[in-house]
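Chemist: Below, each chain spelled out in residue letters.
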Amino acid sequence: MKIQGEHVFATPRPQVWEALMDPEVLARTIPGCKGLEAVGENRFQGALDIKVGPVQGRFQGTVDLSEIEPPEAYRLRLKGRGAQGFVDGDGQIRLADADDGGTVMHYEIDAKVGGRIASVGQRLLDSSARVITRQALEGLERQLPTAPEAAAGGEPSARPPAAAPSQVEFAGRFARGLLAEMVPPEKRPLVGAVVLGVGLIGALLLVRGCGGG
Amino acid sequence: MTRNRVIGTSVKRREDPDLITGRGRYTDDLTRPGMLHLAIVRSPYAHAVVGRIDATRALEVPGVVAVYTAADLEASGIPGVVPTAWLLPDLKTPPHPLLAKDRVRYVGDGVALVVADSRYSARDGADLVEVDYEPLQGVSNPRKATEAGAPQLFDEAPGNIAFDWELGDAEATDRAFEGAATVAKVALRNNRLIPHAVEPRAALAEWDRSAGSVTIHMTSQNPHVHRLLMSLASLGLPEHKIRIVAPEVGGGFGSKIHHYPDEALAAWCAMQLDRPVKWTATRSETNMTDAHGRDHVTEAEIALDEDGRIVGLRANTWAAMGAYLSTFAPAVPTYLHGTLLSGQYAIPAIHVHVFGVFTSTTPVDAYRGAGRPEATYIVERLLDRAADETGLDAAEIRRRNFVPPDAFPFQTQVALAYDSGNYAPALDRALEMAGYDDLLAEQSRRRADGDGPLLGVGLSSYIEACGIAPSQVVGSLGAQAGLWESAKIRVHPTGSVTVYTGSSAHGQGHETTFSQIVAEKLGLDVDQVDVVHGDTREVQFGMGTYGSRSAAVGGSAIVTGLDKVIAKGRRIAAHMLEAATEDVVFEDGAFQVKGVPDRAKAWGEVVLAAYLAHDLPEEMEPGLEATSFYNPSNFTYPFGTHVAVVEIDRETGVVRLVRYVAVDDVGNVINPMIVDGQIHGGIAQGVGQALWEEAVYDDDGQLLTGTMLDYALPRAHNLPSYELDRTVTPCPHNPLGVKGVGEAGAIASPAAVVNAVVDALFHLGVRHLDMPLTPEKVWRAMKEGGRS
Chain A
1 MKIQGEHVFA
11 TPRPQVWEAL
21 MDPEVLARTI
31 PGCKGLEAVG
41 ENRFQGALDI
51 KVGPVQGRFQ
61 GTVDLSEIEP
71 PEAYRLRLKG
81 RGAQGFVDGD
91 GQIRLADADD
101 GGTVMHYEID
111 AKVGGRIASV
121 GQRLLDSSAR
131 VITRQALEGL
141 ERQLPTAPEA
151 AAGGEPSARP
161 PAAAPSQVEF
171 AGRFARGLLA
181 EMVPPEKRPL
191 VGAVVLGVGL
201 IGALLLVRGC
211 GGG
Chain B
214 MTRNRVIGTS
224 VKRREDPDLI
234 TGRGRYTDDL
244 TRPGMLHLAI
254 VRSPYAHAVV
264 GRIDATRALE
274 VPGVVAVYTA
284 ADLEASGIPG
294 VVPTAWLLPD
304 LKTPPHPLLA
314 KDRVRYVGDG
324 VALVVADSRY
334 SARDGADLVE
344 VDYEPLQGVS
354 NPRKATEAGA
364 PQLFDEAPGN
374 IAFDWELGDA
384 EATDRAFEGA
394 ATVAKVALRN
404 NRLIPHAVEP
414 RAALAEWDRS
424 AGSVTIHMTS
434 QNPHVHRLLM
444 SLASLGLPEH
454 KIRIVAPEVG
464 GGFGSKIHHY
474 PDEALAAWCA
484 MQLDRPVKWT
494 ATRSETNMTD
504 AHGRDHVTEA
514 EIALDEDGRI
524 VGLRANTWAA
534 MGAYLSTFAP
544 AVPTYLHGTL
554 LSGQYAIPAI
564 HVHVFGVFTS
574 TTPVDAYRGA
584 GRPEATYIVE
594 RLLDRAADET
604 GLDAAEIRRR
614 NFVPPDAFPF
624 QTQVALAYDS
634 GNYAPALDRA
644 LEMAGYDDLL
654 AEQSRRRADG
664 DGPLLGVGLS
674 SYIEACGIAP
684 SQVVGSLGAQ
694 AGLWESAKIR
704 VHPTGSVTVY
714 TGSSAHGQGH
724 ETTFSQIVAE
734 KLGLDVDQVD
744 VVHGDTREVQ
754 FGMGTYGSRS
764 AAVGGSAIVT
774 GLDKVIAKGR
784 RIAAHMLEAA
794 TEDVVFEDGA
804 FQVKGVPDRA
814 KAWGEVVLAA
824 YLAHDLPEEM
834 EPGLEATSFY
844 NPSNFTYPFG
854 THVAVVEIDR
864 ETGVVRLVRY
874 VAVDDVGNVI
884 NPMIVDGQIH
894 GGIAQGVGQA
904 LWEEAVYDDD
914 GQLLTGTMLD
924 YALPRAHNLP
934 SYELDRTVTP
944 CPHNPLGVKG
954 VGEAGAIASP
964 AAVVNAVVDA
974 LFHLGVRHLD
984 MPLTPEKVWR
994 AMKEGGRS
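Chains as they are written, first to last, in this note's numbering: chain A, 1 to 213; chain B, 214 to 1001.
The reader is advised that the hints may include incorrect statements.
[As the list claims (entries may be wrong)] Looking from chain B toward chain A, a few residues come up when the C-beta cut is under 7 angstroms (computed): (1) P257; (2) D340; (3) L917; (4) G919; (5) D923.
Note that these hints are calculated values from the structure, not bench results. Just so you know, these numbers come straight off a predicted model, no measurement behind them. Using N, Cα and C, we set each Cβ at its ideal position, and we do this for glycine too.
Sequences are here, hints too, so could you generate the full structure?
Modeler: Given below as structure tokens:
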């Protein structure tokens, strides 16, 4: 499974870089992350609660950063294990200056997923991964000062810390994610009501799925 | 008095009242005091090196009693493997250990055992066993697995090739193709299937320490075969110290023939802990560990002369074996597949080449039809492709090439000798029932008018070799077993009968069918006959139920046993009647002097005399009981023609099977209702393969269709009411004239349905589509036409 894309932050590159290197910030922004701590140089260890369709479980894992070129790029290797299977990822994050003083992040991660999370949750895996990625990036964005704030010496902590998204939020985002793939932008307003419905159904499924596995 | 015949009537299944009211007792229904539960820790990786296994956290789970790994099995000194029972020349047989030790080779490979006092604790414990894996590249496609650079699963099998097998005359086939007027080809994939018996596999093992024996209740199609393999290869206990019981078994379709590690592991745990141990597979476990079916990659071609007569056929197949060689796996793509490539046709030159290939997937073995659906699919797709290329009608090209009725026994170019057959009447009847000409006219009309869904008609004229099997023949081909069957006829002093059969049923209705045979032969009511099966302590020996063999081989064993009983009865009756034995005949339930009906002794009188033993012929032993072992002299060759009619939605590509006509010739019929039921179920499974089912792995060997959310089984509303009929060409070499019916539907139907769909899309340039024919695949083919 490939997770790739780009995200534009309204924050200058040094601050984005700094946040990406701060396990506490990351722990707050990655949905389902239950703590992330540095356990060596450029090595982090933590736990992540993942829910894909009817499969949910805690994954213990490590993230290794290498080929670090501040404030521009690094490579990350991710290994997660849990009762529900495994996730192994290898990818690269690159940052570039955006025209308006913000930052463009390119990310590309090749992930292998196996065990129950793959065999049972397969149908939802790609979409779930994209939603989790987007949530993490949006969470990170909320932690960062915008470019003018940064210029004025604004502090990330001046913003309220991002809470982990609720299941209903997740379902809504999941549905929007599907919509983004299926419907051309100009038609999206027409199906707004449908999205809400799908989101609610998705939430019900997720809630019901809590006992599953 | 002439009695009504019992054979040939639809006696209601005596099995059903219990089964449909919930009184049937399956393995998982059984409990024992002090019983423990086993959960198996399975690899989430398709291919990996196994490192440290840490059970600390698992052992902390309340209720967990023990955690074992391969090292513990090894320390116990048992043989500890699961062998294959069919050896081809130069077959690579790397050992399949009960638990993986250094390396795992498919998702689901067992690495550790957790035993606990409840199944919940056992599963919670299994989730907490920490296993270090060092992932390796996996490979799931059998053809890709043979290519340079593919990951190697076993050092002893370079290129992942388990065997390289050929049959037929390659040179003669080359010559036939060189001189041919028309050559038609097809490259196809026979999709991998997951069996999906209603009842998952299960075992309950009890260790009797004083006797040194183990009793295993388990989901088995062949308890004696399981006992033999458990004894020799897995547990190392002598055979007489192992009792296998198959209580009610909820379907198998082949998946419960095979010997797996899991049931033996439950037995081993019971022996270690001296307590009963039960293991029941979850549905996900079933999907990843029950031997899968099919999974062939094939390139095939057919050569014809200018009259549309077949002059040659060639097929190259890469057959996935999965990660280990399952019980009968090597036989399935070879002797149950390559030998069937003559179909119903007189083909003067055939050559088949099969590679059996290790892949990092669940092992593959016999699944309803086992090799024969794959062969039928090749032959019947090729016949349609030949019709395309020659411009002949699909029915006409078949009729033109049938083995003519006066050519039997017919020796094919691929080893089999068809004993009997009469193919054209079944085709003609099927076409008549379907209204073939009208359907084709309607198809043309819809194409011309652009109106209504697209209509397609597909034929499948199949043959199968069942009644498996003549022991000498299969022995010479590599089977490590004889495939005869046994029966014991125990006549009780008051005349009722208990039959002990080695043919162990799992839903087929043996108790009903076999009672009918006995009732017919002895002139009894079916209620006076009991049938015992599925218990190695009760039954003398048996090879089990698969390969459509129960009536032809198991039923014939009962008949030869009855013949022995009747022969002794005639001697006793002759003694009582003061007549010569050769003058006494047994008719309509009485022994009588030939031509003198009032000089007769009833069945009950003679039986009682045998047990009283007051006045028996000199040197005759008392009692009336006979054991027989019936070894068939040939396979049986059921055949028939099926017609599928499909409609395809022009906008969405959804295929709807609107009619299904099946005319089968399974020889004499003992119970028409049961025969129809077998045909129904077989068709549903074959249609499932054609339209919906596929076990999908990613390139690395992750099973992506692990649940019924993603593995699409047919449902009742997907299927039409079948239109069935039969022709009857009795089998000439067994006493019942029966051939077997368990697999016919699954063998014939995939080709019929695919032929129908391709026929519907023919005018758009489509010449072949691989199963399953999902709406997406069909829709793309409609858009892309000839480029597909």
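Chemist: The structure should be examined with respect to each hint, and the outcome stated for every one.
Modeler: Quick rundown of the hints versus the structure:
Given the 7 angstroms rule on beta carbons, the hint for P257 of chain B holds: about 3 angstroms separates it from the nearest Cβ of chain A. Taken as an interface hint, D340 of chain B checks out: its beta carbon lies about 3 angstroms from the nearest beta carbon of chain A, inside 7 angstroms. For L917 of chain B, the shortest C-beta to C-beta distance to chain A is roughly 5 angstroms, which falls under 7 angstroms, so the interface hint holds. Of the supplied interface hints, the one on G919 of chain B holds, with its beta-carbon coming within about 3 angstroms of a beta-carbon of chain A, less than 7 angstroms.
At a threshold of 7 angstroms, the smallest CB-CB gap from D923 of chain B to chain A is about 6 angstroms, leaving the interface hint in force.
Violated hints are absent here; each numbered hint is respected by the structure.
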